[in-house]
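Chemist: So for the sequence shown, the numbering used here puts the first residue at 2; every next one is plus one.
Accuracy of the hints is not assured; some may be wrong.
Said to hold, decoys possible - Label-pair distances were calculated between CB atoms; the ranges are:
| hint | residue 1 | residue 2 | range |
| --- | --- | --- | --- |
| 1 | Asp55 | Pro180 | 31 to 41 Å |
| 2 | Ala97 | Glu150 | 35 to 45 Å |
| 3 | Asp98 | Glu148 | 33 to 43 Å |
In short, the hints are calculated from the structure, not lab data. Ideal Cβ placement from N, Cα and C applies to all residues, glycine included.
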Amino acid sequence: MSTHAPTDVRSSSLSRRIAIGSSGEPQPDRQDVRMAAALWFTTARLTIHLSQTDNADGLTLIEHHMAQGFAVPLHVHQDEDESFYILQGEVRMQIADEVRRLTPGDAITVPGGTPHSFRVVSPEARFLSMTTGGFEAMIRSLARPAETEGLPPQAEPTDAEVAALVAACAAHGIAFQGPAVA
Numbered sequence: 002m003s004t005h006a007p008t009d010v011r012s013s014s015l016s017r018r019i020a021i022g023s024s025g026e027p028q029p030d031r032q033d034v035r036m037a038a039a040l041w042f043t044t045a046r047l048t049i050h051l052s053q054t055d056n057a058d059g060l061t062l063i064e065h066h067m068a069q070g071f072a073v074p075l076h077v078h079q080d081e082d083e084s085f086y087i088l089q090g091e092v093r094m095q096i097a098d099e100v101r102r103l104t105p106g107d108a109i110t111v112p113g114g115t116p117h118s119f120r121v122v123s124p125e126a127r128f129l130s131m132t133t134g135g136f137e138a139m140i141r142s143l144a145r146p147a148e149t150e151g152l153p154p155q156a157e158p159t160d161a162e163v164a165a166l167v168a169a170c171a172a173h174g175i176a177f178q179g180p181a182v183a
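Throw the hints in and build the complete structure from the sequences for me.
Modeler: Structure representation (structure tokens):
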């Protein structure tokens, strides 16, 4: 479990590792973006551009597309760091006790074990997240194939949906700790 402060992804070699793999050799089986899995997860559209099963490092690269007000409660990933790169819109993100405003071009890494939360404050937002570990499996356990190009219907989750999300997160090393950032 990492305990260091959030770092700027742009100063990392992580993006290079995605392109060529940790061995330094080209990855001939790089996933074609056109074949990426588009999923509806709660009220967000997620596109899995790189699955952890498709590379030796176990990396997952997911594009998140969300409407204003979409929020994730304060939570921790026990076994994995999570990196974000903002593509569109504005996201308010809480990392431990610090709240940051993220806009297009901003990149940040949240170390494993660090509480974090986010909320979309613009009409829509899109960002990439990159992680290893159980996050992708948790998403796939609850998501359904996207039915259209846009966002899924925007509705409050039922009690049963919330219970299923909490259970799936717990099964994949993600623990909720409090409400979403305001």
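Chemist: For every hint, state whether the structure bears it out.
Modeler: Against the structure, the hints come out as follows:
1. Asp55 / Pro180: 31 to 41 Å: holds (35 Å)
2. Ala97 / Glu150: 35 to 45 Å: With Cβ atoms ~36 Å apart, the hint holds.
3. Asp98 / Glu148: 33 to 43 Å: Given range 33 to 43 Å: holds, Cβ gap about 39 Å.
Of the numbered hints listed earlier, not one is contradicted by the structure.
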